[in-house]
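S.K.: With the sequences and hints as input, model every part of the structure.
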Amino acid sequence: MREPGARGAALWLTRHWLAPVNAFLVAFASLPVLAPVLRAVKMTGSADAIVQAYSLVCHQMPGRSYLLFGYQMAYCERDTAIYATMALSGLLWARFHRRLPRLHWSVFPLLVLPMAVDGFTQLFGLRESTWELRTLTGALFGAACVWYGFPLLAASIKLSRIALRSRVPLPPLSPSA
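According to the numbering used here, numbering within the sequence shown proceeds without interruption in unit steps and concludes at 177.
For the record, the hints were derived by calculation from the structure and aren't laboratory data.
Treat the numbers as computed from the prediction; the structure is a model and nothing was measured.
It is possible that part of the hints are untrue.
Calculated cross-link-like contacts (lysine to any residue; reagent style SDA-like; alpha-carbon spacing at most 20 Å) [what the hints assert, rightly or not]:
1. Lys158 with Leu18
2. Lys158 with Tyr71
3. Lys158 with Phe69
4. Lys158 with Arg7
5. Lys42 with Leu31
6. Lys158 with Gln122
7. Lys158 with Ala9
8. Lys158 with Ala10
9. Lys158 with His16
10. Lys158 with Leu67
11. Lys158 with Arg15
12. Lys42 with Gly70
13. Lys42 with Ala53
14. Lys158 with Leu13
15. Lys42 with Tyr71
16. Lys158 with His97
17. Lys158 with Leu68
18. Lys158 with Pro101
19. Lys158 with Tyr148
20. Lys158 with Val21
21. Lys158 with Ala19
22. Lys158 with Thr14
23. Lys42 with Thr14
24. Lys158 with Arg95
25. Lys42 with Ser30
26. Lys158 with Gly70
27. Lys158 with Trp147
28. Lys158 with Leu100
29. Lys42 with Gln52
30. Lys42 with Leu68
31. Lys42 with Phe69
Label-pair restraints from in silico Cβ distances [as the list claims (entries may be wrong)]:
32. Leu91 with Leu136: 12 to 22 Å
33. Leu91 with Val112: 16 to 26 Å
34. Glu132 with Leu92: 19 to 29 Å
35. Phe28 with Asp48: 38 to 48 Å
36. Gly149 with Trp12: 13 to 23 Å
37. Thr121 with Arg7: 49 to 59 Å
38. Leu126 with Arg99: 23 to 33 Å
39. Glu128 with Ala9: 11 to 21 Å
40. Ile157 with Ser46: 29 to 39 Å
We put the beta carbon where it would ideally sit given N, CA and C, even for glycine.
M.R.: Right, dumping it as structure tokens:
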């Protein structure tokens, strides 16, 4: 029997959470690539809207961004690698997570450290990073986030599903007066 209302929607989401999460990751990774395509076909208003939206999450420095059709993407090389790898890793995790070992918490910082070193040494003027390093370290970070984070998210969602199925009363959204 199908549950009505908020509880039914929450149960559905606990069963199918991976599809919306991956759809978001793919869309988030794809829109900045779409901006130069839109510019190339003279749809500058839409391209400008994408660039403006992504300015909230990326510095968009021209010298640190990929070009497509001669136009700058809406985010930098490192962010391109991070979000594209997160999207790809999310799709791969959906297919192969039962065969993959969980990423141990101690390995996560090791995969994040190269990006931190590359980014901070550049930030403090000790050296200039290259597009290859920004791409590689961003990809390591993106893969680490999914490989470590998705199993934790899945476990948390499984607990939520158990609580919802046991019909434990849901807490109120706001405290009563």
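S.K.: Hint by hint, say whether it matches the structure.
M.R.: Taking the hints in turn, this is what the structure says about them:
Of the supplied pair hints, the one linking Lys158 and Leu18 holds, its CA atoms being roughly 12 Å apart against a limit of 20 Å. For the given pair, Lys158 sits about 44 Å from Tyr71 by alpha-carbon distance, which is inconsistent with the 20 Å threshold. Distance restraint check for Lys158 and Phe69: the Cα-Cα separation of roughly 45 Å exceeds the 20 Å cut-off, and the hinted pair is therefore not satisfied. This hinted pair checks out: Lys158 and Arg7 have alpha carbons roughly 15 Å apart, not beyond 20 Å.
Between the alpha carbons of Lys42 and Leu31 the distance comes to roughly 16 Å, so the proposed pair stays at or under 20 Å and holds. A hinted pair counts as satisfied when its Cα atoms are at most 20 Å apart, and Lys158 with Gln122 does not qualify at roughly 41 Å. Of the supplied pair hints, the one linking Lys158 and Ala9 holds, its CA atoms being roughly 15 Å apart against a limit of 20 Å. Between Lys158 and Ala10 the CA atoms are separated by roughly 12 Å; this keeps the pair inside 20 Å, and the hint holds.
With a CA separation close to 11 Å, the supplied pair Lys158 and His16 stays within the 20 Å bound. Our distance criterion of 20 Å between C-alpha atoms is broken by Lys158 and Leu67, whose separation comes to about 42 Å. Pair hint Lys158 plus Arg15 holds up; C-alpha atoms about 8 Å apart against a cutoff of 20 Å. For the hint linking Lys42 to Gly70, the alpha-carbon distance of about 13 Å falls within 20 Å, and the restraint holds.
Of the supplied pair hints, the one linking Lys42 and Ala53 holds, its CA atoms being roughly 19 Å apart against a limit of 20 Å. The straight-line distance between the Cα atoms of Lys158 and Leu13 is roughly 11 Å, inside the 20 Å bound, and the hint therefore holds. A distance of roughly 11 Å separates the Cα atoms of Lys42 and Tyr71; the hinted pair therefore holds under the 20 Å criterion. Straight-line distance between C-alpha atoms of Lys158 and His97 comes to about 15 Å, which keeps the hinted pair within the 20 Å bound.
Taking the CA atoms of Lys158 and Leu68, the gap is about 41 Å. The hint is violated against a cut of 20 Å. A C-alpha spacing of about 18 Å is found between Lys158 and Pro101, which places the hinted pair at or below 20 Å, so the restraint holds. Note on Lys158 and Tyr148: the hinted pairing holds, with a Cα-Cα distance of about 16 Å set against a maximum of 20 Å. A distance of roughly 15 Å separates the Cα atoms of Lys158 and Val21; the hinted pair therefore holds under the 20 Å criterion.
For the hint linking Lys158 to Ala19, the alpha-carbon distance of about 15 Å falls within 20 Å, and the restraint holds. Of the supplied pair hints, the one linking Lys158 and Thr14 holds, its CA atoms being roughly 7 Å apart against a limit of 20 Å. Between Lys42 and Thr14, the direct Cα distance comes to roughly 42 Å. Violation of the 20 Å bound is thereby established for this hinted pair. For the proposed pair Lys158 and Arg95, the alpha carbon gap of about 18 Å is at most 20 Å, so the pair holds.
For the hint linking Lys42 to Ser30, the alpha-carbon distance of about 19 Å falls within 20 Å, and the restraint holds. A hinted pair counts as satisfied when its Cα atoms are at most 20 Å apart, and Lys158 with Gly70 does not qualify at roughly 46 Å. As the CA atoms of Lys158 and Trp147 are separated by approximately 17 Å, the hinted pair is consistent with the 20 Å bound. Distance hint between Lys158 and Leu100 is fulfilled; the C-alpha atoms sit about 18 Å from each other, no more than 20 Å.
For the proposed pair Lys42 and Gln52, the alpha carbon gap of about 17 Å is at most 20 Å, so the pair holds. Pair hint Lys42 plus Leu68 holds up; C-alpha atoms about 14 Å apart against a cutoff of 20 Å. Our distance criterion of 20 Å between C-alpha atoms is met by Lys42 and Phe69, whose separation comes to about 12 Å. With their beta carbons about 20 Å apart, Leu91 and Leu136 fall inside the hinted range of 12 to 22 Å.
The hint said 16 to 26 Å for the Cβ distance between Leu91 and Val112, and at roughly 21 Å that hint holds. Distance hint check: the CB atoms of Glu132 and Leu92 are about 23 Å apart, consistent with the given range 19 to 29 Å. Taking 38 to 48 Å as the suggested C-beta distance range, the pair Phe28 and Asp48 does not conform, at roughly 18 Å. A hinted range of 13 to 23 Å holds for the C-beta pair Gly149 and Trp12, which are about 22 Å apart.
About 51 Å separates the C-beta atoms of Thr121 and Arg7, a value consistent with the hinted range of 49 to 59 Å. One distance hint, 23 to 33 Å for the beta-carbon pair Leu126 and Arg99, is violated here, with the actual separation near 41 Å. For the pair Glu128 and Ala9, the beta carbons lie near 50 Å from each other, so the given range of 11 to 21 Å is not met. Checking the proposed 29 to 39 Å range against Ile157 and Ser46 shows it holds: the Cβ atoms sit about 35 Å from each other.
The structure fails hints 2, 3, 6, 10, 17, 23, 26, 35, 38, 39 (numbered hints given earlier, in ascending order).
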